[in-house]
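J.: Listed here are the chains, written in short residue letters.
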Amino acid sequence: MGVWPYLAAGWILLVALYGLVTSRNLIHAIGCLAVAQSSTYVLLLAVGYRDHSTAPVFSDLRPGSRPVVDPIVQALALTDIVVGATVTALLLALTIQLRKRHGTVDPESLTALRG
Amino acid sequence: MTDATLLPLAVAIPLLGAPLLAVAGRVLPRTGCDVLATGAAAADVVCLALLWSHIQGVAVTPVGGWPAQIGIVLAADRVGAGLALLASCLVLAVLAYSWRYFDEPRGERAGLFPAMVLTFQAGMVGFALTGDLFNAFVFFELMGAAGYALTGYRIEDPRPLQGALTFGIVNSLAAYCSLLGIGLLYARTGQLNLAAMGRAMGEHRTDLLVVVSFVLVVTAMLVKAAVVPFHFWLPDAHAVAPTPVCMLLSGAMVELGAYGIGRVYWTVFSGPGGIPHDAFRHTFTALGVLTALVGAVMCWQQRHLKRMLAYSTVGHVGLFVVGIALLTPGGVAGAAVYVAAHGCAKAALFGLTGVLLDRYGSVDEHGLYGRARDLRLLGVLFVLGALALAGLPPFGTGLGKALGEAAAGHSQAWLPTVYVLTSALTGGALLRAALRIFWGAGPVPHSRPGEAETSGEGEEPEVREPGRALPPMMVAVPALLLALCALVGCLPAVARSLARGAAVFTDPAVYRAAVLGPAVAHRAVLPHVASAWTAEGLLLGGGSAAAAAAFAVLAVLRPVRLPLHRGVRALVTGLRRLHSGHLGDYVAWLALGVAALCAAFGAQT
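Chains as they are written, first to last, in the working numbering: chain A, 1 to 115; chain B, 1 to 605.
Calculated from the structure, these hints are not laboratory results.
Note that the coordinates shown come from a computational prediction; the quantities given were computed from them, not determined experimentally.
A hint or two may mislead.
Some, not all, of what chain A presents toward chain B, calculated at C-beta under 8 Å [as the list claims (entries may be wrong)]: (1) V21; (2) L33; (3) T40; (4) Q74; (5) L76; (6) L90; (7) L113.
Example chain A residues on the side facing chain B (calculated, C-beta under 7 Å, incomplete) [what the hints assert, rightly or not]: (8) L43; (9) L45; (10) V47; (11) T86; (12) V105; (13) P107.
Which stretches of chain A does chain B cover? Using the computed rule of at least three CB atoms under 8 Å from a CB of chain B, they are [what the hints assert, rightly or not]: (14) 24-32; (15) 77-83.
By construction, the Cβ of each residue, glycine as well, lies at the ideal position given by its N, Cα and C atoms.
Chain B with its partners taken away, still in its complex shape (with noise of 0.2 Å):
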């Protein structure tokens, strides 16, 4: 098959089996429901697959017959759909994984769940591939309505429904923002197409039309990526999602944002008439370092497992801004397998969080204290998990971690802290909480009356079934992803692949040739990117791998108190106040962001 039939195929796939499911779901055993979604996943996965290995560049369909110029384009490149697959590869991870966990009602509603996990990979997959940017919008609000639906899809419980609502109306407000932007961007350039409208751009100078439609369209995608100041849903919504549902928006949906960002920068205000480049740099440099850093503090101090992980994405999501950021095509081929990796490794843990949840009926740290001694497999995998995020090698997140220090390194030579510490500090309360939960480690913790913080406790087992043998599903999908996870680090050709793909990425020209036609035939010497492992990076891994375990076992045994500053104490304090679960706070935040990010563009150009 050609490229011209596997791009729309990969987006038609889950877009057709999802009103199949939900129309064969009244008729067919649960059983059957089944067969039919892993059956349209794994079809995808190898659509994409196949896809993923023949791309040369970028590969471009104009969809339905009209040409670039008038009608929409897909256009792929390595990293475009390397992204669309491991976003399919957790799909059906996730459909597996579920096989026996919910316990649905039979009858009508037997197709629903898989079939509004099939949308969502409709909605991922097309913003991954698409070449237009108002499309893009379409798959983003698809892939966002989904995500609600699933993330309140537990309605018994209050703390579900607030998550999806909060979810719901701040995403919902950044994509009517980005709207705004395509708007103000049709208005300048006559143009939707991505590539297209990058050519346009040259025509006039920068101004604040261009600043204001540039932020205007990113925010949309900072909010998806949850970053600093635009983060405060990821973890309302992961931490009451159903965990298979968790496992997509942490794996595949919040790197979607971070993807998208660095796709309309470089297609479409990269040249001249755009932003500058050191505008860019400086502005999402500070931003993704901020990410990273919030993530971090933030994660090590939940106790709710499931928000330790959401948080652990926030700090891991900084540094795939801050790969982009760095607009070398090292800083994104670091991105791109840290991404890859990061996404089967996160998945994997929440994958076994979700297995605590089934047997014991609580996320929370402490309340779990000890009580896992007997799934002994089940904490060898948990802790194997917790090292890969810290970027152990050979596990792929430390290959990716490696990159990006590497590229980070050459820009500015404080950066590589950042990636150590984060994921030193995210592995770290992993392993906490692993040695707490599957050991039984150190004194019994307290609790701290008084502090804003979410226990944990009392929550919903997903399934209500007493008794029950544990699915050998649940436990074997999340070893396969962290065997995954391991592969992306172990076989150079993953790493080599991406890397290309990432030269291709940051060369505007090669993309419009590819979409606008051979008028602008353009042969660029693609530069070679590195992507193997080297010296500095396996120690730097190997380094905050046991700077992760260090912290947790201090953590646990508490034979010091750190001799934390009353100040840092104060600001930690502030920090996890500022997490208040209120709409109108987070909504007041995105509006400060927008402005801020106005304000700091503005004075660059």
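This is chain A alone, in the form it adopts within the complex (with noise of 0.2 Å):
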């Protein structure tokens, strides 16, 4: 695969980015943070890649018989999901305080901290 996997990890951080700074909506702002997650996953999987392997589970396969990828990326990837699930949630669940209570997703009209 070359190096086109590590270009699309650094294009999705990218497009997280803008899509973060110029964001109107917490909601909008904290899916591209799950962008930018996405990112880490894309690169961590072609990290662990090899050509002409398969899964690295042994249950129905002889160790050393075949090329595996690499495990230890994808037990990385997944610990990554289980703390990005944590943190998008507790942050989605402070934007729905602040509908709730102060009726506004923008991060515009959130003006009390400056200066």
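Assembly of the complex is requested from the two constituent chains, each provided in isolation within its own frame, with the hints serving as guidance.
T.: Structure (structure tokens):
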């Protein structure tokens, strides 16, 4: 696959950054954060990929008989997903409170903190 | 007990205490929850204190019995364990401080606040003690998630929600950048263990991959440490978080970011195939100086007390980063002593501000003018805290500052000026506020309409119980913390031990030998690191405290308008406008910072 997955990961991160910088809606901003996180999945899986290999599940596979992709990065990606789900849920909960109590989800309308 | 049990126990105690509290909080009365939480925190302090006094060199425990080559290890030297101990002491102080602070709804939510504090503690202790880069990321996010939740704990007011969201989004984004960096490093080295990564780095030359992965990995730490231009979230989060949470955020969490930068650089990137020492030294000294100056100037401009304290944290973190960037044991020793004492002093000051908020429902320097005249004891403590921040001997902050100045002076003769200026301005701003609030000194301050600023008026008091007597804990805890800050400076054993730890911290060979076993055994003669007061240090400490007092008195009495050049005023106003409170701006600064760092390191390697 060569360099393409790495470029794709970088591109996804840039897209997410653009979305975060221009966002006018916190739900959208948190979505952009999730997109930024997707770039880490792409990168991690690309790091562990081997040509012509199979999944590292040894229940029906004799160890050493075939090359397998790196299971470590897959474990990292799984942990990353768990971490990301927690953070996203927490941020969305805060946004819901903001909408309920103060009737806005626009970061531009939150101007109490500056200077 | 041996190190092998103490190390995992230090992380496990708060991690087990948190769910226990969350469940037990449904049935136990309020007092039961407090006893349980305080007991867990106290047990962790004892555990870490034992560990800290035991460690010679680096203590290592392979978790779950897996050897370091394939498993995760916990590894602690005196610096890392000391930072974990500081965080735990502050957690204990915070739990004692908030015994009667929140009028929490009884019933099923009663144990949630202490449970979240313990989760936060587990993240901080784990981050300080881990020897595995991905594990560090997980603890980093654990500490982050608990931090966001605690910051937005009071949902009645839009400001805490705004602060928590900014904090959460900016920090999480930085953490994902860090994870990208970890992925790239794993692609290069095939390792996640810090020591093994450092060893494998030597097999390749320094190239673009190393530069990009280094910048990405440190992005998360830079954001956590609030280094300019990654600092924008910090004053917003600290200004609105409940006071006990501010004590933890400013006292320990921010410093963990600076610690992480030093730890990752020394263990992974300091050898061949990493980042050259000169490139790191120049870039991070520049970042540290910039952070110190921006923090100090912005601190002086504030009237919102918590925001003032937050910017003073930014200023001091700049000095810690300079200490680490010197890449000498002396610099790290200074930073370590400074962090320990600063954590205690800053937590004490936040605690005292919490009393003001509790009594008067405001943290505004102007609005509180002369209103706290009857709280003289509090005023004296506040002044002592401000002088401690300014570096007055014999407070530990003064000793840390003196050690840092001595180490920095060896590298660049002008660097100590930055230490003195930052301490004097931040201490001076707090003294100015204390003089106005507790003594009603000088003319009534008038606000400057039309300026971008956060006033600190109309804050919700965190406890709604009018006419309640001042809980004695809310004064006792800050007083004890200030005493602790003085102890760090007065007990030579503390600084000596941290200095020995700094010698280990800056020797990656010792760390590698301890983690990877006798195959690469290495017996180094550790250099002697100065850790005692010197005449010069006493003089500079006294001098910056005197300068702080002079700044404060001049500002309060206003006998002279400082003849500042119009350009300087415009610069300060512009700087304040940059702190716009908009999430998009902060993310843009973060991206700009990452790009600039990549360019800076790319040009120097």
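J.: Each hint should be assessed against the structure and marked as holding or not.
T.: Verification of the hints:
1. At its closest, the beta carbon of V21(A) sits 5 Å from a beta carbon of chain B; the interface hint therefore holds under the 8 Å criterion.
2. Look at L33(A): its Cβ gets to within about 6 Å of chain B, closer than 8 Å, so that hint holds up.
3. The closest approach between the C-beta of T40(A) and any C-beta of chain B is roughly 5 Å, which is under the 8 Å cut-off, so the hint is satisfied.
4. A cut of 8 Å between beta carbons decides the hint on Q74(A): the least distance to chain B is about 12 Å, and the hint is violated.
5. With its C-beta approaching chain B no nearer than about 6 Å, L76(A) sits inside the 8 Å limit, and its interface hint holds.
6. Taking 8 Å as the C-beta cut-off, the interface hint given for L90(A) holds, the closest approach to chain B being about 6 Å.
7. With 8 Å as the threshold, the beta carbon of L113(A) comes within range of chain B, its nearest partner Cβ sitting at about 4 Å, so the hint holds.
8. For L43(A), the shortest C-beta to C-beta distance to chain B is roughly 5 Å, which falls under 7 Å, so the interface hint holds.
9. Contact between L45(A) and chain B, as hinted, is not supported at the beta carbon level, the nearest pair being about 9 Å apart and thus beyond 7 Å.
10. The beta carbon of V47(A) comes within 4 Å of a beta carbon in chain B, closer than 7 Å, and the hint placing it at the interface holds.
11. Checking T86(A) against chain B by beta carbon gives a least distance of about 6 Å; that is within 7 Å, so the hint holds.
12. The beta carbon of V105(A) is not positioned within 7 Å of any beta carbon in chain B (closest approach about 10 Å), and the interface hint is therefore violated.
13. At its closest, the beta carbon of P107(A) sits 4 Å from a beta carbon of chain B; the interface hint therefore holds under the 7 Å criterion.
14. Note: the segment 24-32 of chain A has 3 residues with beta-carbon separation from chain B under 8 Å; the three-residue rule is met and the coverage holds.
15. Residues of the segment 77-83 of chain A with a Cβ under 8 Å from some Cβ of chain B number 3, which satisfies the need for three, so the listed coverage holds.
Comparing the model with each numbered hint stated earlier shows that hints 4, 9 and 12 do not hold.
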